[in-house]
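Residue numbers (numbering that gives the first Met the number 0), protein chains in the order written: chain A, 0 to 634; chain B, 0 to 634.
Hints are not guaranteed to be accurate.
For chains that are exact copies, the list does not tell them apart, and a pair is met inside one copy or across any two.
Below are the PhoX-like pairs computed for lysine-lysine, each with C-alpha atoms no more than 25 Å apart in a straight line [said to hold, decoys possible]:
id, residue 1, residue 2
1, Lys204, Lys595
2, Lys481, Lys36
3, Lys352, Lys595
4, Lys595, Lys493
5, Lys195, Lys125
6, Lys481, Lys590
7, Lys12, Lys440
8, Lys440, Lys481
9, Lys203, Lys352
10, Lys47, Lys440
11, Lys258, Lys595
12, Lys481, Lys352
13, Lys35, Lys236
14, Lys16, Lys590
15, Lys96, Lys236
No wet-lab data here; the hints were simulated from the structure. This one's a predicted model, so the numbers in the text were calculated from it and none came from an experiment.
2 protein chains.
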Amino acid sequence: MSRYAPVNFPAVKLEGKFWHERLETVLTRTIPSQHKKLAEYTILDSIKLPSPPPPLRFPRHPNGFTVQVFWDSDVGKWIEAASYALAHRRDEDIEAKIEAIVDDLEKAQADDGYLNCWYLGREPEKRWTNLRDNHEMYNAGHLLEGAVAYFQVTGRRRFLEVMERYLDHIYSQFGTEPGKRRGYDGHEEIELAVMKLYYLTGDKKHLDFVTYMINERGRQPHYFDIERQAREAGEGKQPYVFSNYEYSQSHKPVREQDKVVGHAVRAMYLYTAMADLAAEIDDPDLKHACQVLWDDVMETKMYVTAGLGPSAQNEGFTHDFDLPNQTAYAETCASVALIFWAQRMLHLDLDGKYADILELAMFNGALSGLSRDGEHYFYANPLESDGTPTRWDWHTCPCCTMNVSRLVASVGGYFVSTADDGVAFHLYGGIATDAEIAGTKVALREVSTYPWSGDIKIHVDPASPAAFDVKLRIPGWSSGAKVSVNGQAVDISKTVNGYLTINRTWAKGDVVSLDLPMPAVRLYAHPGVIMDAGRVALKRGPLVYCIEEVDNPGGRVQRLKLPRSAELQAETRADLFDGVVTLKAKALAIKEGDWKTLYRTTPPADDTATLTALPYYLWANRGQGSMMVWVPEVQ
Amino acid sequence: MSRYAPVNFPAVKLEGKFWHERLETVLTRTIPSQHKKLAEYTILDSIKLPSPPPPLRFPRHPNGFTVQVFWDSDVGKWIEAASYALAHRRDEDIEAKIEAIVDDLEKAQADDGYLNCWYLGREPEKRWTNLRDNHEMYNAGHLLEGAVAYFQVTGRRRFLEVMERYLDHIYSQFGTEPGKRRGYDGHEEIELAVMKLYYLTGDKKHLDFVTYMINERGRQPHYFDIERQAREAGEGKQPYVFSNYEYSQSHKPVREQDKVVGHAVRAMYLYTAMADLAAEIDDPDLKHACQVLWDDVMETKMYVTAGLGPSAQNEGFTHDFDLPNQTAYAETCASVALIFWAQRMLHLDLDGKYADILELAMFNGALSGLSRDGEHYFYANPLESDGTPTRWDWHTCPCCTMNVSRLVASVGGYFVSTADDGVAFHLYGGIATDAEIAGTKVALREVSTYPWSGDIKIHVDPASPAAFDVKLRIPGWSSGAKVSVNGQAVDISKTVNGYLTINRTWAKGDVVSLDLPMPAVRLYAHPGVIMDAGRVALKRGPLVYCIEEVDNPGGRVQRLKLPRSAELQAETRADLFDGVVTLKAKALAIKEGDWKTLYRTTPPADDTATLTALPYYLWANRGQGSMMVWVPEVQ
């Protein structure tokens, strides 16, 4: 099979209403308001060196840690998100703000290329002494992603050159060569960032560095032990931020890892880079490890919303089937990072099972992290609420805020991939792009109101007639899909690994019709997920639904029960969020009645009720109230 | 109505198998093993002053706190529990161990009477500077309870005198008089302890101190503010262990409190002392506050097991109806302390509603804290488990271990109360005692296998015929109770506030028969308790049941569902724990079947199954496994 590569997002025009609205909100509200928050929280002051850094806003925890050590990454992520936004519409004000940051970073950079504002400003003598806890390479990775994005969109090289100098410094310090330390970061990120620079420049030194980093992780003697012993020789016994190596996926060499463990975002960033590298150096063992880890997540550890990591304690994974709903951590960043990983896996094999999860995370666990107004966030994304959680306008650790904005600002990049001899559609929702396929320029336009409807038209307009593949993803959630080309039915049974390949000679005016029926369905969880026993989740197309108190007045939604036989009716609601499809069903509701005590022997009576469900990603945009994804089912 | 007062436990002989077994276990296993643990954890070393105290075993938290500041209380509680045990059977070895501790305490005591081993050993200059966090008076209270118990059982005054000197010192420091500080402890406890000393000595200074403490709590300017400012003047800004005054029920004066808040054990100890004082100084406002707080707990905040405090975060209360099962904190100490409070409330009004809760807590939320072998404990008592929690053989903060042992060792004291003209039976289970009623010596013997059966015989044998009341508690959970005297039926409809009064002239050989039918029943929770919606708890008599994996093999118990129509069959099982009554029902079990994915659209099938339930207090005595109190119900 030809190798498919994603059409990068600047080349993809988002015409569909769903993503166009999200993108506009991010451009006009999220990016500017995030810059204000970076200023307000003195994060922008922290990179103005050599002036003294601002006072510690978040004092060090007794374990020695403060979130301020990763403020550089927030700056990098904002530049990355803002740059993606600029690709859609240039903006002088935003560009000036980025340039000002680059000025500061350039000034801050040490003569030897080192550039970490925490260490430069506060404890320059301690640089590279605590990779385990202090995110030094992680920060470099995020700055680098920002620099790559800014260069790609504006062609301005200055920030990129700053970062290339910094990387040269890093490469001079770490590696297997004599005189170098065999270190790697406790928080993976730099690996996937450097892969981006490698794709941009083709300079093999970058690939070599990532290869070194992936190979070194988890080896014995353990670098974090060596490093800790060195610190303790100087400073005496030191506390751990987190006292096991599973937390940072460094408990064993990555090719030997077969269970997903530890901090969820770290895990996803690592696996993303592993998949990148497996493709690039054609390493079957590394690819196999990625596949085994993928299956482990899918079979035992993912919320139905594509949320990952049930536990706040380690911001990550616990044991198989442990997926509590109300206390779900399911960090926004983890679902965003799952999208990165899924995209890499998809391009290893062009298997729709990866695109299914990419889409699931996109529309649910990731998108839920951003409010409708574009200025409020969820860090944790629970699947049930008693009404207490609300969206934040910022967060002590603002990682999620800019992870979701950079995702939305670059969402076009996930829709289409091309190869020499074909084009593959992964996502639907209304996009237009031009591609070079089989030596011909082809205008592609996919028109739909997806995810609200599965009625999709794809216009394939080659400059001149040309034979190539058009591959359509037939989502794993769909059943009874129909495809036709210019009105002529195509045999859907020829779908392989979730993609239907149509090979023909395409000519101007050709239209592919894809009809994905979208009945609302009930989902049941594996009985191992004891929290969901006797419960049902509702889904329509790629959207997971929830029931919110505001749509189901009369008390907390947890009183509702859905009969198995109740018909689920989709209803287009133009009055809600500028047009959404809700689900309605006849249900039962526990009658509060007249209780004098907490417990009694008479069961509460049931009222009949109408259950109204809303796409999960939209919850908590209309004030506080109870919410539930997994609804008790009665037969 | 005559004032009823409890017959103290040394006068009550536990003849029934249920409590006799628990008591023997505590005497022979719990008390000795706890002394070993006190030694092993260097708690006994910490009171050996002026020798240097042992090294910090539990380093100070960054907020400045270490659990070691309340090690004195553990010593006090052990002496209290051990003394109660001695009342049943004197033991030279235990007495020698207590005497050795008293030697140490006497040596440690400062010339001015002060006696807190943490401060004396480590920071003598800081005594009385942090009542908010450091449990100084709380420790004094527990030592005092130990001293009172030891004196009552052995007649030895030495420890009591040590504590009386210490109290005189405390009284000289705190109060409303000029020159004294208006302090009180962040952790209530000394109030109820000093009430015991008042009952023992009749010395009004003790009552005055408790009156001051209860009146002062929560007044403005707030003592904890004043104290903190004084500390900060000397040492700079200081962290809070817990940054609100609800935590310690000092957010407003106690008579104005109408919602139960904060740390559950603190709350219960406070309310116990409030009820004591309300009775003693005849204060209707204080009594009213107790009643309002009682109703708040009962209507919105108590687990069906009489567990209290859902949250580990504040070891206490959150909002109304927040009663999560798997994460329930429900500290053993809190249920023990609820028993104390319920006993005081019961004696304010002789209302069976208090005895119902006393009994519920005794047989469920408190007793569950102690293992069958008497040497393992639960600190938290969840109502559902995925199989992870296990009983501990000790705890960083061993408060619960000795709370449950002192309860069991003194359980006889909760059975019977007497007044000048009558006797009231609150609990059943086989006891014998002699009492002076209506000027006559009366031998009383209650014979039953309660809680396994409600067939109860009470032998009333006055030395000579005498007219007096025999009051029988007719439990709130019972229905269809029958009472007869010497075979003559008594009209049960004359039961008032949960007590049936039989007034007659009693003569030797009189036998009262009480028949409490004990069908297994289903309990339903108030719909506000969203965690229990669609679920049912099983109860028989005073015992709440749970289903454990060991009795329901085939996977985690969370797969089980109980049809509403299924008959609940009580079954006496001589093979289990030396004889218990289990419950059996025909049920359904979700079939694990062949799942390839975490989620699917086909519902899992159900198998038929037999559900076997065991009394909750016995769970986790046969290895690890899943457990559930609230079982999903299907109709």
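> In ascending order, which of the hints set out earlier in this document are inconsistent with the structure?
Replying inline: 1, 2, 5, 6, 8, 9, 10, 13, 14 and 15
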